[in-house]
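Participant: Residue numbers (the working numbering), protein chains in the order written: chain C, 1 to 139; chain E, 1001 to 1672.
No lab work stands behind these hints: they were computed from the structure.
The reader is advised that the hints may include incorrect statements.
To be verified - Which stretches of chain E does chain C cover? Using the computed rule of at least three CB atoms under 8 Å from a CB of chain C, they are:
#1 1154-1168
#2 1181-1195
#3 1531-1545
#4 1607-1621
#5 1635-1644
Just so it is clear, CB atoms sit at the ideal spot from N, CA and C, and this is done for glycine as well.
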Amino acid sequence: MIQFVLMVNRQGQTRLSRYYQSVALNRRAALEADVVRCCLSRKKDQCSFVEYKDFKLVYRQYAALYIVVGVTDSENELSIYELVHNFVEVLDKYFSRIMFNLDRVHVILDEMIQNGHIVETNKSRILAPLSAIDKMADS
Amino acid sequence: MPAPIRLRELIRTIRTARTQAEEREMIQKECAAIRSSFREEDNTYRCRNVAKLLYMHMLGYPAHFGQLECLKLIASQKFTDKRIGYLGAMLLLDERQDVHLLMTNCIKNDLNHSTQYVQGLALCTLGCMGSSEMCRDLAGEVEKLLKTSNSYLRKKAALCAVHVIRKVPELMEMFLPATKNLLSEKNHGVLHTSVVLLTEMCERSPDMLAHFRKLVPQLVRILKNLIMSGYSPEHDVSGISDPFLQVRILRLLRILGKSDDDSSEAMNDILAQVATNTETSKNVGNAILYETVLTIMDIKSESGLRVLAINILGRFLLNNDKNIRYVALTSLLKTVQTDHNAVQRHRSTIVDCLKDLDVSIKRRAMELSFALVNGNNIRGMMKELLYFLDSCDPEFKADCASGVFLAAEKYAPSKRWHIDTIMRVLTTAGSYVRDDSVPNLIQLITNSVEMHAYTVQRLYKALLDDISQQPLVQVASWCIGEYGDLLVSGQCEEEEPIQDEVLDVLEGLLVSNLSTPVTRGYALTAIMKLSTRFSSVNRIKKVVSIYGSSIDVELQQRAVEYNALFKKYDHMRANPNPNIAVITIHASNSTEADMTDFVFQAAVPKTFQLQLLSPSSNVVPALNQGTVTQVIRVLNPQKQQLRMRIKLTYTLKGSAVQDLAEVNNFPPQSWQ
Chain C
1 MIQFVLMVNR QGQTRLSRYY QSVALNRRAA LEADVVRCCL SRKKDQCSFV EYKDFKLVYR
61 QYAALYIVVG VTDSENELSI YELVHNFVEV LDKYFSRIMF NLDRVHVILD EMIQNGHIVE
121 TNKSRILAPL SAIDKMADS
Chain E
1001 MPAPIRLREL IRTIRTARTQ AEEREMIQKE CAAIRSSFRE EDNTYRCRNV AKLLYMHMLG
1061 YPAHFGQLEC LKLIASQKFT DKRIGYLGAM LLLDERQDVH LLMTNCIKND LNHSTQYVQG
1121 LALCTLGCMG SSEMCRDLAG EVEKLLKTSN SYLRKKAALC AVHVIRKVPE LMEMFLPATK
1181 NLLSEKNHGV LHTSVVLLTE MCERSPDMLA HFRKLVPQLV RILKNLIMSG YSPEHDVSGI
1241 SDPFLQVRIL RLLRILGKSD DDSSEAMNDI LAQVATNTET SKNVGNAILY ETVLTIMDIK
1301 SESGLRVLAI NILGRFLLNN DKNIRYVALT SLLKTVQTDH NAVQRHRSTI VDCLKDLDVS
1361 IKRRAMELSF ALVNGNNIRG MMKELLYFLD SCDPEFKADC ASGVFLAAEK YAPSKRWHID
1421 TIMRVLTTAG SYVRDDSVPN LIQLITNSVE MHAYTVQRLY KALLDDISQQ PLVQVASWCI
1481 GEYGDLLVSG QCEEEEPIQD EVLDVLEGLL VSNLSTPVTR GYALTAIMKL STRFSSVNRI
1541 KKVVSIYGSS IDVELQQRAV EYNALFKKYD HMRANPNPNI AVITIHASNS TEADMTDFVF
1601 QAAVPKTFQL QLLSPSSNVV PALNQGTVTQ VIRVLNPQKQ QLRMRIKLTY TLKGSAVQDL
1661 AEVNNFPPQS WQ
């Protein structure tokens, strides 16, 4: 299962974090810093999977943003790699400038991943509730 | 009071902070504003304030004062309030706060709400952080929603059920009826989460696993449709129809087919089909192939299918994409025990991966290489692995060295090769070798009697080059102490050192900053041992007495004891000791079969000391065709009557034999 999803920039600042396995608050900062250090220090020709403690990290870089997903040993790394891309495509479809609408990103993430497992991967179905929410918010 | 700022404005402002201190100041100011707003019980802006709090929480600042506010938002009638409230609950609350129980009633109501998005929120939140009590209370509602025809809710209910089962395993039975027609759904979201639910149930209960085996044909059909159906815009990812669902179904099939012949047979065809027809040009296709291979290897598949799977992995190894190479190595490592020969065919490719730039790939390749070493390929493989040991990162060296030692012990083609290999490891990665290797190596060297001269010469030469690697230095010191006579006696192939040179080297170790206390101990003992093998006894005596006042307690103790040996027992040094009786035993065997693994052991009373030299052989030939001789030296300072208990152990015609006896009739000349 998926244990966490992180979005960090090249300076190591967290832009989005979501944990599906309970991690104490005081350990989160250290975990995020460590994970980011792991991924940022890797070169272009190295593979996108890193062993970290007792789970695996799958990361992808999009311009200045790194998306890192921590998964348990039993997950198919290539499949998660594909899921990250799916997530980015959904964000792309909805947002022009994502990071100032953090709550909306969480809504999208919740429509895709629930307690560590994939719930929906079809872009239109993911975004449907969001457009409904937007309509409700405006009215 | 002006209206609180919006979230996006806050983010914009914080982004402009140039230092950590500046950011902290902005956050504290905003927190203060939010707190006073909360105190005023302002309903209009509560949602906005909590949203900002969540952002600050993500940055690492404390946000616990917002927990109750989240609950107020959840209880509100406005959807936008509920949305942020539930998100806040998922991010800020967990079981450890008592506050979370207050949510139970709200969630219960919202699970029955008229708007599906509200019901969805409740399901999502319960499935994310519901405690065991909450799950117990609300399991009934979840079960109801699992049977609804609304696919949006059904898929969320399935995952919520997974969480309920994790928290309260006894409730698993309750969800069983609802699973009956989950797989006949058309909606892929529901299918996906249903498969996850079924997987969870099968993993937790062998009864459930047996029960769900009957679903195999249905799963096979669904998978077939996904592969055979033409382009479907709804689920297409790079030309493949819903790869995520395919992967999930393959994983469930793996669990159902494991250790079950019938199920494995039922899925054989579809696995072969997926393995041969999946497009491999993009990552998606390879993700499916990877899962397929894992399934094939785990179930009871026929051999043709297994070979197909390993060949897919072999192709992966040659792929340009490093992710795929990594995944291939991981899978091969899992299967190398069961399908050893098939994996051996790809050995050269695996060895090539040792030179890959990527750390993860290198580690996998190293583990796999060690698993593939056998008696036939040991020389070639060891060459590659030693080369790897030379050039790899420090994090690998300890594991690699241990692996080399293990492999050498199992498959060494000759003793000389074995010792050469050990030497190579000690000289290239000596400081990374594990502590227990030193005594193990000494034991190994002791047992290779014919190699003593060669070994001590090579170790001596290595010491001349480099004294910084402690395990090497320790083993070398010990050998020089034990076999120093061979070192200077001309038995070596090259120019042998003279005694003083050897003592120079050992003394050098004692004074060097690079030597650890343990190493110094080895060196001092070695010097002492040479006093019976070398003639420069006076020089040794001088060295030993200096260390009698060493600050290092261990060294001091040794030196003092050795000094005592020089003083009190010096007379034992050269002259044959009149108190030593030399007894030779002759063992012969009149039975029809050889006695193998023959071992002679003896014990004497406390006042005596016994030394058993090596026997001539440990095979006593049958029908008195030969004897085994062994020399025993007994030190008898009190000149008491010699008594001995002896034990013979040997193997005769396949069974082990043990014989005990007492010998009390030694002739008086032997001990008087």
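Participant: Are the hints correct? Go through all of them and say.
Facilitator: We went through each hint and held it up to the structure:
1. 1154-1168: holds (count 6)
2. 1181-1195: holds (count 4)
3. 1531-1545: With 0 residues in contact (Cβ-Cβ under 8 Å with chain C), the coverage given for the stretch 1531-1545 of chain E is violated.
4. 1607-1621: As far as the stretch 1607-1621 of chain E goes, the hint is violated, because 0 residues have Cβ atoms under 8 Å from chain C.
5. 1635-1644: The restraint on the stretch 1635-1644 of chain E is violated, since only 0 of its residues have a Cβ under 8 Å from chain C and three are required.
Against the hints set out earlier in the document, violations occur for numbers 3, 4 and 5.
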